[in-house]
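The chain contents come next:
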Amino acid sequence: MNVAESFNYWAVMILMMSGLYILIAQGNLVKKVIGLTIFQTSVFILYISMANITGASAPVISEASSQTNLLFSNPLPHVMILTAIVVGISTTALALSLIIRIKRAYDTIEEDEIHDMDAQ
Amino acid sequence: MTVFVIISLRDLFASIILMGVYGLFSASFFALMDAVDVALTEAAVGIAVSILLLLSTLSFTGRAEKKSRQKPFLALIIVFFTGALLVYGTFDLPPFGSATSPAHQHVASYYINESYGETGVANLVSSVLASYRGFDTLGELVVIFTAGVGVISLLSTSQKALKTNGTTNKLVAPMTTHHILRIVSKMLIPFIMLYALYVQFHSDFGPGGGFQAGAIFASALILYTLMFGLQATLAITSQSWLKFFAALGVLLFAGTGIISMLQQHNYLNYNVLASDPIQGQHLGILLVELGVGITVTAVLFQLFISFTGYMLNIRRPA
Chain A
227 MNVAESFNYW AVMILMMSGL YILIAQGNLV KKVIGLTIFQ TSVFILYISM ANITGASAPV
287 ISEASSQTNL LFSNPLPHVM ILTAIVVGIS TTALALSLII RIKRAYDTIE EDEIHDMDAQ
Chain B
194 MTVFVIISLR DLFASIILMG VYGLFSASFF ALMDAVDVAL TEAAVGIAVS ILLLLSTLSF
254 TGRAEKKSRQ KPFLALIIVF FTGALLVYGT FDLPPFGSAT SPAHQHVASY YINESYGETG
314 VANLVSSVLA SYRGFDTLGE LVVIFTAGVG VISLLSTSQK ALKTNGTTNK LVAPMTTHHI
374 LRIVSKMLIP FIMLYALYVQ FHSDFGPGGG FQAGAIFASA LILYTLMFGL QATLAITSQS
434 WLKFFAALGV LLFAGTGIIS MLQQHNYLNY NVLASDPIQG QHLGILLVEL GVGITVTAVL
494 FQLFISFTGY MLNIRRPA
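In order, the protein sequences belong to chains A and B.
Each residue of the first sequence is one higher than the one before, counting from 227 in this note's numbering.
Each residue of the second sequence is one higher than the one before, counting from 194 in this note's numbering.
Bound-form chain A, shown alone (with noise of 0.2 Å):
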């Protein structure tokens, strides 16, 4: 196994485990949201590496292109991240304004504290 051949996808790896750390591991709400988004930042590195061809330029055809017959790298997979970039911010305010109104009822975003309210 290269490693030049997989670097990127071990890249990945971290990113998505440091995501899945910062989502276990803490209790504030908005470092959550933090970590899932670097979560999720990691999938689209994911999906865009796997798009890639050595040696292809980007999928965007031109009078020289069609004459020298280039590679083009996979245009599907950018599709589905360009999309889901923009999905994400809107999922992410989402869960913001969820925050927001759960500091505005238990005045406080640490997790735990928010569990011994609940207790009592």
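Hints listed in this document are in silico derivations from the structure and should not be mistaken for laboratory results.
Glycine residues also receive a C-beta, built at the ideal position from the N, C-alpha and C atoms.
Just so you know, nobody snuck in bad clues.
Only some residues are given here: those of chain B computed to face chain A with a beta carbon under 8 Å:
hint, residue
1, 228
2, 231
3, 234
4, 238
5, 265
6, 292
7, 317
8, 337
9, 347
10, 348
11, 492
Simulated restraints on C-beta separations:
hint, chain 1, residue 1, chain 2, residue 2, range
12, B, 291, A, 346, 57 to 67 Å
13, A, 281, B, 285, 18 to 28 Å
14, B, 281, A, 344, 36 to 46 Å
Add chain B to chain A, keeping to what the hints say.
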């Protein structure tokens, strides 16, 4: 790496700023990987809009993070175990950059070889997004719209409360004393908007499209709000107009599909929109991208207004 600093930092403000750095890195990475459309979107969304939303949440919840009581060892074990499994999975993946990997064998080669002849759109990402994968894109647009509706219902403030409340509140226009920022952004905003329109309507030939243009346009509007205050923004637009536009974009997309259905063809089949199929595809993609752009702009801007408006309403002295 940035991410490890984010984990260790207790100060939420600093970690959000680092998130911006992380967004910039990933946008540059996408550009490097030939995914120019994705890079544009990430640059507008990941760096500008998401950071602003996180920061405005922070202004309400406070920036200090409490030291958590539970021990992170269990989490570390889970994370390492899952990570090891995933890395083990990568041994079966095709090598990075290989042209023969399975991902490139299925429909992608069809799009690359045939779509220019069928749609006449040079940017493959646009034609796949709006035409071949029109159903997916419509679904994503509805998700964005729904998220917007959810935020509005969670953080609703009445128009009247916003308008009466802004004049005395210093939070509304925090930049009034920063003359350089105000003047520079005043000069930049028209060009950002113009660039967004270029990105919107040039998507047939170069990188761009409704999602990117919507995000750029929304960030121009948000910049305006940051500089001149919510009051000034609500003088030129109102929340009901924004809601109307958010719905209009979705309707434009869905309606384009229904027009082709009325002509007894498949839903979202643009070939029948004009006498020549290629012209029809052009028209269809243009309309659909316009719908996407309108909805994304309206929803993202509405998100920002909901957040700031809610915050202002709470801080108002009773």
